[in-house]
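**Student:** Each chain is listed here by its residues.
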Amino acid sequence: MAKGATPQPDAPRPGPAPSGPSEAEKSVAATTTRNGWLLSLPALVLLFVAASGPLLIVAAYSFMSPGKYGGIAPGFSLDGWVGILFTRDIFDDTLKLADAHLTIFWRSVWLSLLTTAITFAVGFPTAWFIATRPPKSRGLWLFLITIPFWTNLLIRTFAINEVIRNEGLLNTVLMKIGLISAPIPIIYTDTAVLIGMAYVYLPLMVLPLFAAIDRFDMRLLEAGYDLYASRWAVLRRVILPIVKPGIVAGSILVFVPSLGAYVTPRVLGGGKNMMIGNFIELQFGQGRNWPLGAALSMTLLVIVMVALLVYVRASNRGTPHG
Amino acid sequence: MADRTFEIARLPGFATIAVLAFVALYLPIFTLSIYSFNAGNSVAVWQGWSLKWYHDAWSNAAVKSATVRSLVIAVWAAVISTAVATMAALGTTRRAAFRGQTFIYVVINQPLMVPEIVTAVALLIFFGVIKQWTGYQGLGYLIAAHSAFCVPFAYLPIRARLEGMDLSLETAAADLYATPWQAFRRVTLPLLAPGMIAGAMLAFVISLDDVVITEFVKSGGQDTLPTYMLGQMRRAITPEVNAISTVLLGLTVVLLTAFFLLTRNKD
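Here the protein sequences come in this chain order: F and C.
Position 73 of the first sequence, counted from 1, bears residue number 72 in numbering that gives the first Met the number 0, the numbering being contiguous throughout.
Position 232 of the second sequence, counted from 1, bears residue number 231 in numbering that gives the first Met the number 0, the numbering being contiguous throughout.
Chain C with its partners taken away, still in its complex shape (with noise of 0.2 Å):
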């Protein structure tokens, strides 16, 4: 690089700009998760390094129980979402185009271009009516409406793994009597794992994050943290959200980079 005098794919400015994003990106984050070990009770004044604010938050009873609401509903949104897409997947890849498949892509994708707000509005509607009619209350239609905005995240890795296999080694095992069961069970599955987990991973991410659809759709007291913690910024803000909200980007950064050696594992 030093000795070129000429750099031929340098544009002026464009590092400098870039550095500085990379800095007006992190330094929020960073001041928001330093402050949550702050000693005081304010989120402006620095009183020194103290875990208060994680011991408040786990002994505080609502912090605890949207946190069990919302892995509840992550765990149930990623094993549901991901059993659906994987079949899902597995109809549309690997065999030729067949008439409706666009419609199928269309409305697998479809959580990804509606506004969340439109999907949040149209839940709380129908939701609204089936619990008039049925009386149930329960985690049920969150789970629900978790599951189906979670169904592209979950597709799409295990659909890149799929086209990535070919059919020889199904084709082998079917030539050597497995039966059609044995062959999915013994082979594709075996193979598939990664992309499923790579799926279940993201889709347990995006749920455990979702406000809006959560906001409408939960009845009254089914807080997840983010909604706890929208409910608590409407408040006199301590360094409690500041605490709750650090456990949850360790948990992101965490799983991302299990997400991204395991995506990385298959070239």
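The following block holds chain F by itself, in its conformation from the complex (with noise of 0.2 Å):
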């Protein structure tokens, strides 16, 4: 295997190789491309086996019709797909809109774009605010934000936890000064779901926000000021646009995993406020119904993609300003 990571030297050199220029040029190339998928071979194995392939059974499993004790019977059916948005009725057999799936669906919607909004709200000042530090402490205060970006999400969902439960620090600080006289209930509620999703996300907003303003040429405000331009005018009309690519990004990074969040909707949200990742979740237990999990989780692998595309057709487009 280690052949493969030999120096090809390059083309041109008038070297010990006795061929003719084109034809080695040629046969360099074809090193090159097999040398590149041998050494590639393993890592795209292990992932095809247990990253990627999967996937296509899921697929596969989302096109047939459930078992009676979990799993799937064979033979085509379109009842998970169907099940997404409908149920049927067990006595007369007619489909209906269920209700309770479109909740799940609208919340996790719902609750991810707040979190963008959250998390950008807070996060462009914080990654500004990093960027224009001096460059001595800036490495610290991005250290800052590596930190709990690296640490364990479910230890900060926890830690979330810990703050905003009826017995949290937060209810027992504004119960002790008197500000209040029961505690809050915030647990356990969409709102819960929400300010710990906006905590453990937030780290992913800012981490690309800082690297586009550290980008960002500072001249260029001082140009807008010369101009009398306002504070303001100057962040919505110079800084905000020429950022945009880091924005796009931030966003992406904080809806995507928000959509599929599954540990912090468990452990704040209770049993009731389900997200799609529980409702997956709850279909290959309790709920026994695989066609629908698979129906589901490939839902919400075509929404994250078509996320993910929006993404790179930006990001490609918004980089010619500077």
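One or more hints might be untrue.
[Stated by the list, open to error] Pairwise CB distance ranges (calculated):
{"no.": "1", "chain 1": "C", "residue 1": "L250", "chain 2": "F", "residue 2": "A210", "range": "24 to 32 Å"}
{"no.": "2", "chain 1": "F", "residue 1": "P184", "chain 2": "C", "residue 2": "F29", "range": "23 to 31 Å"}
{"no.": "3", "chain 1": "F", "residue 1": "E22", "chain 2": "C", "residue 2": "N108", "range": "31 to 39 Å"}
{"no.": "4", "chain 1": "C", "residue 1": "G219", "chain 2": "F", "residue 2": "G74", "range": "27 to 35 Å"}
{"no.": "5", "chain 1": "C", "residue 1": "T133", "chain 2": "F", "residue 2": "L84", "range": "35 to 43 Å"}
{"no.": "6", "chain 1": "C", "residue 1": "R234", "chain 2": "F", "residue 2": "K95", "range": "35 to 43 Å"}
{"no.": "7", "chain 1": "F", "residue 1": "S180", "chain 2": "C", "residue 2": "F29", "range": "22 to 30 Å"}
{"no.": "8", "chain 1": "C", "residue 1": "R9", "chain 2": "F", "residue 2": "T145", "range": "22 to 30 Å"}
{"no.": "9", "chain 1": "C", "residue 1": "N108", "chain 2": "F", "residue 2": "I89", "range": "41 to 49 Å"}
{"no.": "10", "chain 1": "C", "residue 1": "G230", "chain 2": "F", "residue 2": "R214", "range": "39 to 47 Å"}
{"no.": "11", "chain 1": "C", "residue 1": "S58", "chain 2": "F", "residue 2": "L308", "range": "47 to 55 Å"}
{"no.": "12", "chain 1": "F", "residue 1": "A210", "chain 2": "C", "residue 2": "A96", "range": "18 to 26 Å"}
{"no.": "13", "chain 1": "C", "residue 1": "K63", "chain 2": "F", "residue 2": "L178", "range": "37 to 45 Å"}
{"no.": "14", "chain 1": "C", "residue 1": "Q131", "chain 2": "F", "residue 2": "G138", "range": "49 to 57 Å"}
Just so you know, the hints here were simulated from the structure itself, not pulled from any lab data.
Quantities reported herein were computed from a predicted structural model and do not represent experimental measurements.
Ideal Cβ positions, reconstructed from N, Cα and C, are used throughout, including at glycine.
Since each chain sits alone in its own frame, please combine them into the complex, following the hints.
**Tutor:** Here is the structure:
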């Protein structure tokens, strides 16, 4: 395997190779391709077996009918896909719009959008603050954002749980200073899930925003102010358009995991306030409707892929400003 | 700074929001860590300092076996993902662009794009079938799953390191009649080592932190620390969970600091 790591002498070198330049070039290109693939093969196989490949099985399962005790019964059926939006009446077999499912989708999308908005509102000033620190302390501030980013999501969810639950830090402090007489019930509500997701995903917004602001040429601000722009006008007309790729990147990085969130709604939302991720799990657990779970997974995957596509489009268009 | 009357990069209120954001980020984590030293049974009422909960966690057999399992999986995942990521990085950098390179990038970065819950469900189904066929119930499934989703994290720093190295040193070695293997072993590998260590550390942290995929893939009695904690959160929470969290937190901070020092050396 290590052979592939050999440096390929670059083509135009008048080296010991006796063959003509064009043939040598061709063979170098061929070995490049072959070695590139050969060296990447173990990674590709690993990812195909334990990540990408099984997705195909999920796709196949979404077109079968549910088995009696979980699993699937062979045979083509669209029930999984129909079940995303409709429930079949047990008695007369008619289809009705499944309100409970719609509520879950709506909650997932709405909470994810709100999480993105909140993390942007907080993350943009934070990223700006870090990027405008003197070079010496900038690294430290950035490090302080990176630590939560790499810290176990479960631990951070648990930490915010400790703050907002009924006997938690927030309610205890508010009651001690006499602002409230009974704890505010936040835990196990949509608000709790929202606070948790905003807390957990904030670093994902700050880091790409920082990268964009860091490249921002501060002389443009001078130009703006010289032309009598107000702070607000400079922010809206100069800064925001230029750092737009960072805004798009941060929004996608927050929106995508929010939409597929599983741990945070499970811990902070209790059993009731499910999001798509928990709803999918339910189908593979107590729900025993694997085809529906598979169809839901595929739907989530497609939404995420569309979001990523929008991101790639936007970031390709957004660059030629600077 | 002081003698400037109009600070160009200052935007009103931004610094305040930023400082509040940092407080909001760290206050819950600090509270969590401090309550791990609580002498009482409660995560709400402070009853003085004590190491009771660390002691309790340490003498809890379930915690011990989950810790060992977490570490075994993380070490395997780090080693495997770093090995395949190194090869893939060697295959995809420092050479002319070739057909299919984009495909390779997409496959390698796939775990960063597909929602974890979807991969988790897919692996639950797929490994379930294999478990039935082969009867094998061991840690292999978790190790394979973790190795796979760690690949992009190991790949990125290795690739970054490789892109900063030009081919001249290897060419020089070849000119001095080093065999390809010697050139790789004596020139490329030592230069690449910091990137590989950085990649392995990120993979280790990522594996250690995983909840969702582990929760779906594990067989009975294969709890890792995070899935054990998730299970505990459904019951009455004692500061034991705080103690475990604090240790994990400390480990993450140490590894990250080392990672930053390692990657900074490059410049």
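**Student:** Does each hint hold? Answer for all of them.
**Tutor:** Okay, the hints, checked on the actual structure:
| no. | hint | verdict |
| --- | --- | --- |
| 1 | C:L250 with F:A210: 24 to 32 Å | holds (27 Å) |
| 2 | F:P184 with C:F29: 23 to 31 Å | holds (25 Å) |
| 3 | F:E22 with C:N108: 31 to 39 Å | holds (36 Å) |
| 4 | C:G219 with F:G74: 27 to 35 Å | holds (31 Å) |
| 5 | C:T133 with F:L84: 35 to 43 Å | holds (38 Å) |
| 6 | C:R234 with F:K95: 35 to 43 Å | holds (38 Å) |
| 7 | F:S180 with C:F29: 22 to 30 Å | holds (27 Å) |
| 8 | C:R9 with F:T145: 22 to 30 Å | holds (25 Å) |
| 9 | C:N108 with F:I89: 41 to 49 Å | holds (45 Å) |
| 10 | C:G230 with F:R214: 39 to 47 Å | holds (45 Å) |
| 11 | C:S58 with F:L308: 47 to 55 Å | holds (52 Å) |
| 12 | F:A210 with C:A96: 18 to 26 Å | holds (25 Å) |
| 13 | C:K63 with F:L178: 37 to 45 Å | holds (44 Å) |
| 14 | C:Q131 with F:G138: 49 to 57 Å | holds (52 Å) |
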